[in-house]
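Peer 1: Starting from the structure of chain A, add chain B where the hints point.
Each chain, letter by letter, is given below.
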Amino acid sequence: MNTISRAGKIAKINTALLTGNEAIATGAYKAGVYVATGYPGTPSSEILPYLARFNNAIVNWSINEKTALEIAIGASIGYKRSMFTTKHVGLNVASDPFMTLAITGVRGGIVIVTADDPNMHSSQNEQDNRFYSKFAKVPMFEPSDSNECLEFTNLAFEISEKFDTPVILRTTTRISHSKSVVRIEPVYMPNLSKDIDSKNHSEKTYIKDIEKFVMAPVYARKRHKIAIERLKKLLEFSNNSGINKIEYNSLDFGIITSGISYQYVKEIAPFTSVLKLSFSYPIPDLLIKEFVEKVKNVVIVEELEPFIQNEISSLGISLKGKEIFNRFGELTPDLVEEGLINSGFIKKSNNLPSNKNKKGLIELDSILEKLPQRLPALCSGCPHTAIFYALKKLKIPVMGDIGCYTLGALPPLNAMDSCISMGLAFGAAQGLSLSNSSHKKIAGIMGDSTFFHSGITSLIDAKYNNACFTAIILDNSTTAMTGGQDHPGTGKNLSSDQVMSNKIDIKRVVEGIGIDEIYIIDTYDYNTVYKTLKKALSSKNLNVVITKRPCVLYPKKIDLGKKFKILEGCNGCDLCMQTGCPSILNSDKFSDNNKSIPFIDNSCIGCSICKDICVFNFIEEIKS
Amino acid sequence: MNTQNILICGIGGQGVVLAGKIIGLAAYEKGFDVKTSEVHGMSQRGGSVSTHIRFGEKVSSPLISKNDADIILSFDIYETLRYAKDFANRNTLVISSGYGKIPLWTSTNKNDRISIAKIVEALKINFDKFLTINDKEIAVNLGNIKVSNIISIGLLSKFTDIEEDFWLKVIENNVPEKTKEINMKAFLVGRNREEIIGI
Numbered sequence: 001m002n003t004i005s006r007a008g009k010i011a012k013i014n015t016a017l018l019t020g021n022e023a024i025a026t027g028a029y030k031a032g033v034y035v036a037t038g039y040p041g042t043p044s045s046e047i048l049p050y051l052a053r054f055n056n057a058i059v060n061w062s063i064n065e066k067t068a069l070e071i072a073i074g075a076s077i078g079y080k081r082s083m084f085t086t087k088h089v090g091l092n093v094a095s096d097p098f099m100t101l102a103i104t105g106v107r108g109g110i111v112i113v114t115a116d117d118p119n120m121h122s123s124q125n126e127q128d129n130r131f132y133s134k135f136a137k138v139p140m141f142e143p144s145d146s147n148e149c150l151e152f153t154n155l156a157f158e159i160s161e162k163f164d165t166p167v168i169l170r171t172t173t174r175i176s177h178s179k180s181v182v183r184i185e186p187v188y189m190p191n192l193s194k195d196i197d198s199k200n201h202s203e204k205t206y207i208k209d210i211e212k213f214v215m216a217p218v219y220a221r222k223r224h225k226i227a228i229e230r231l232k233k234l235l236e237f238s239n240n241s242g243i244n245k246i247e248y249n250s251l252d253f254g255i256i257t258s259g260i261s262y263q264y265v266k267e268i269a270p271f272t273s274v275l276k277l278s279f280s281y282p283i284p285d286l287l288i289k290e291f292v293e294k295v296k297n298v299v300i301v302e303e304l305e306p307f308i309q310n311e312i313s314s315l316g317i318s319l320k321g322k323e324i325f326n327r328f329g330e331l332t333p334d335l336v337e338e339g340l341i342n343s344g345f346i347k348k349s350n351n352l353p354s355n356k357n358k359k360g361l362i363e364l365d366s367i368l369e370k371l372p373q374r375l376p377a378l379c380s381g382c383p384h385t386a387i388f389y390a391l392k393k394l395k396i397p398v399m400g401d402i403g404c405y406t407l408g409a410l411p412p413l414n415a416m417d418s419c420i421s422m423g424l425a426f427g428a429a430q431g432l433s434l435s436n437s438s439h440k441k442i443a444g445i446m447g448d449s450t451f452f453h454s455g456i457t458s459l460i461d462a463k464y465n466n467a468c469f470t471a472i473i474l475d476n477s478t479t480a481m482t483g484g485q486d487h488p489g490t491g492k493n494l495s496s497d498q499v500m501s502n503k504i505d506i507k508r509v510v511e512g513i514g515i516d517e518i519y520i521i522d523t524y525d526y527n528t529v530y531k532t533l534k535k536a537l538s539s540k541n542l543n544v545v546i547t548k549r550p551c552v553l554y555p556k557k558i559d560l561g562k563k564f565k566i567l568e569g570c571n572g573c574d575l576c577m578q579t580g581c582p583s584i585l586n587s588d589k590f591s592d593n594n595k596s597i598p599f600i601d602n603s604c605i606g607c608s609i610c611k612d613i614c615v616f617n618f619i620e621e622i623k624s
Numbered sequence: 001m002n003t004q005n006i007l008i009c010g011i012g013g014q015g016v017v018l019a020g021k022i023i024g025l026a027a028y029e030k031g032f033d034v035k036t037s038e039v040h041g042m043s044q045r046g047g048s049v050s051t052h053i054r055f056g057e058k059v060s061s062p063l064i065s066k067n068d069a070d071i072i073l074s075f076d077i078y079e080t081l082r083y084a085k086d087f088a089n090r091n092t093l094v095i096s097s098g099y100g101k102i103p104l105w106t107s108t109n110k111n112d113r114i115s116i117a118k119i120v121e122a123l124k125i126n127f128d129k130f131l132t133i134n135d136k137e138i139a140v141n142l143g144n145i146k147v148s149n150i151i152s153i154g155l156l157s158k159f160t161d162i163e164e165d166f167w168l169k170v171i172e173n174n175v176p177e178k179t180k181e182i183n184m185k186a187f188l189v190g191r192n193r194e195e196i197i198g199i
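Heads up: the sequence lines are chains A and B, in that order.
Here the first sequence is numbered in the working numbering, starting from 1 and rising by one per residue.
Here the second sequence is numbered in the working numbering, starting from 1 and rising by one per residue.
Next comes chain A alone, as it looks inside the complex (with noise of 0.2 angstroms):
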């Protein structure tokens, strides 16, 4: 390794280590988009806050997914190009507009970046969005790491333009989450000043195409057609571009692989000779057919669905893939090396790092055995915290939704009984009452970003079917899981010094749909919250509960400055780490009848509901 720093090389200035978010960002910008979009969601939630640093492109929050691919294909109509960002399961509720955008075409190139979450680190299903671009006929990129972000949306752009059609860049979490060397000019890195020279966007004036953007039934017979042809010259390029390609090693060895794979193929077998898809549907069948001629023995590692297995299968060429390796959660190198291993591309050594001194491991199993997993949980002074204690007390059906108050399905608190899908809960809420299943009143709770993202028709779908169940809006003014983004509640939005945003008020909307009964708590007084859900659970209406409280991390860290213990004398009943607070820890302290007495740790931020809670009155606050 030469020691040289990287100071005293020229190639300082043109590099970077960034995450694949960062640069897809940087990637788009060089490309010249016109208008980003997108609604937030791990792990694709880093690439428009990324994007809007480079302050000349409109980069937005929308409301939701679907609306966001639709402010992206009015852009695009208008010529300019444009990016639409998500995680996976966006996708699906973006899928309406994509399927037919499929077969329209685009005027400005439009790229749409799926971010998957094999082993859903942050998600409820582990989908392989693959399957969306051969579902709509649409080409796919899938970058290998930071570099291939960059060049691949970059490049994106102008295969949608050139082949009129949307493209699919599809990335996974240890894509956009992992950091990695990227070569670019200095022109195109973030800068925080606004005097960079704004791209040449094109300024054509809007003329009509309705054959090719009216998609009723006699036109949009023409353009399935064209999309099919469309189909045959992204193969050519697929095949010919040199973007997917060979990398000739061992004859008797070769494996073809995609995105993560292909990196942690190269880390454990270095020696095979492997075909890359970098451009990976449609698949180029040449490249595939002239690598299985040459190398004896060929094998598919793919992360999730046998989808590249399949497309090749469909050659009529049988390779081993989902044989070997799972078809769930995320490969890792280990699980490269044990597949290998067993199809006989490497024997088993024990200088392989999986072998080496594991031996000397002693006695770790059988404490470690001891360790609870550490399991995330709301934050100490969570506003949500209150409302799961006293929802847990009420032993009410609770139809959940997503966010950070997932957690409160979770041990301790198990007050929410479904997570499935963005905006679920009111929908859930209303079907569940219907059935009968249940003799108390039905609660269905979701919090402010996602009642603008899917909440808000269903409601009116309530009030409009004479429902009744009562809806709990938890407004903590941020979308705090994905990291404390923007949405119609806050009035601000990522390009807000460009374009002003107006905040829309939630209790409005409710009153707008004509539902009367409205609460408006605020969830660091326990017993109002406690006897506010009573009274509108036993309420024989539609109403509506709202919270007010910000989240204590987004958009800052709120602190109160008081801080809580609990006295000597508590009997260790329990009550208080029923609420899960992070800040509630056991001692090592037992009470006479060998109950765990906790403590408080200065962690505690002051939000008062385990003083609430403490029916003994053994929690006071800390006075200096």
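Errors might be hidden in some of the hints.
Below, in silico cross-link-like pairs of lysine-lysine (DSSO-like), each with a Cα-Cα straight-line distance of 27 angstroms or less [said to hold, decoys possible]:
(1) B/169 - A/563
(2) A/556 - B/118
(3) A/531 - A/507
(4) B/146 - A/557
(5) B/110 - A/557
Cβ-Cβ distance ranges computed for the label pairs, FRET-style [unchecked claim]:
(6) A/504 - B/117: 22 to 28 angstroms
(7) A/365 - B/178: 42 to 48 angstroms
(8) A/528 - B/116: 39 to 45 angstroms
(9) B/57 - A/329: 26 to 32 angstroms
(10) A/201 - B/143: 22 to 28 angstroms
(11) A/285 - B/116: 58 to 64 angstroms
(12) A/135 - B/115: 32 to 38 angstroms
For the record, the hints were derived by calculation from the structure and aren't laboratory data.
As the structure is a computational prediction, the values presented were derived from the model and not from experiment.
Glycine included, each C-beta is placed from N, C-alpha and C at the ideal position.
Peer 2: Only chain B this time, still in chain A's reference frame:
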């Protein structure tokens, strides 16, 4: 030089991601090829989290293979136990905070719990190079508990092929303006700790 594998672990919210950013950037500034992998989203709410950092001449995988870490840096002693089991080998340098946030014990029986002393003992038996650092105490003495991670990074820096200047530059550019001075001081305090002697 072979690729150096550093795993940082701790609890969501403790600054594992920022620590990974600083170490990754220091390696990058030095001129290494670098890959890192971090966890965002749900686990950041107090769950157990880790960041992988790999650097060297050419790096492919952003993830460290099982039991293949050269250094583990942990901000919580309980998490040290969890991650060392999966990622350390006999020769791994394990640098751990001596503190730990008590986990939610599933049992009320005292005997079903493990003490920090017991964990330290087990880690000492298993790993030849095991260091605990009272990072929080040193940080408080320096005047800001928030610099505890930087102290540990300072200690770690001694065991990398990256010179002091690179580290200081990266810290200066990546911490809030007001805390630059104390962070750089904290780094040097960690870098010059006596615990290093004999390792």
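Peer 1: Hint by hint, say whether it matches the structure.
Peer 2: Here's how the hints hold up against the structure:
1. B/169 - A/563: 37 angstroms, violated
2. A/556 - B/118: 38 angstroms, violated
3. A/531 - A/507: 20 angstroms, holds
4. B/146 - A/557: Holds, at about 14 angstroms.
5. B/110 - A/557: The hint is violated at about 36 angstroms.
6. A/504 - B/117: 22 to 28 angstroms: For residue 117 of chain B against residue 504 of chain A, whose Cβ atoms are near 55 angstroms apart, the range 22 to 28 angstroms is violated.
7. A/365 - B/178: 42 to 48 angstroms: Holds - the Cβ-Cβ distance for residue 365 of chain A and residue 178 of chain B, about 46 angstroms, lies within 42 to 48 angstroms.
8. A/528 - B/116: 39 to 45 angstroms: Cβ of residue 528 of chain A to Cβ of residue 116 of chain B: about 41 angstroms, so the range 39 to 45 angstroms holds.
9. B/57 - A/329: 26 to 32 angstroms: 31 angstroms, holds
10. A/201 - B/143: 22 to 28 angstroms: Taking Cβ atoms as reference, residue 201 of chain A and residue 143 of chain B lie about 51 angstroms apart, which means the hint is violated.
11. A/285 - B/116: 58 to 64 angstroms: Because 60 angstroms falls inside the window, the suggested range holds.
12. A/135 - B/115: 32 to 38 angstroms: Hint violated: Cβ distance 55 angstroms, outside 32 to 38 angstroms.
In this structure, the earlier hints numbered 1, 2, 5, 6, 10 and 12 are contradicted, and the remaining ones agree with it.
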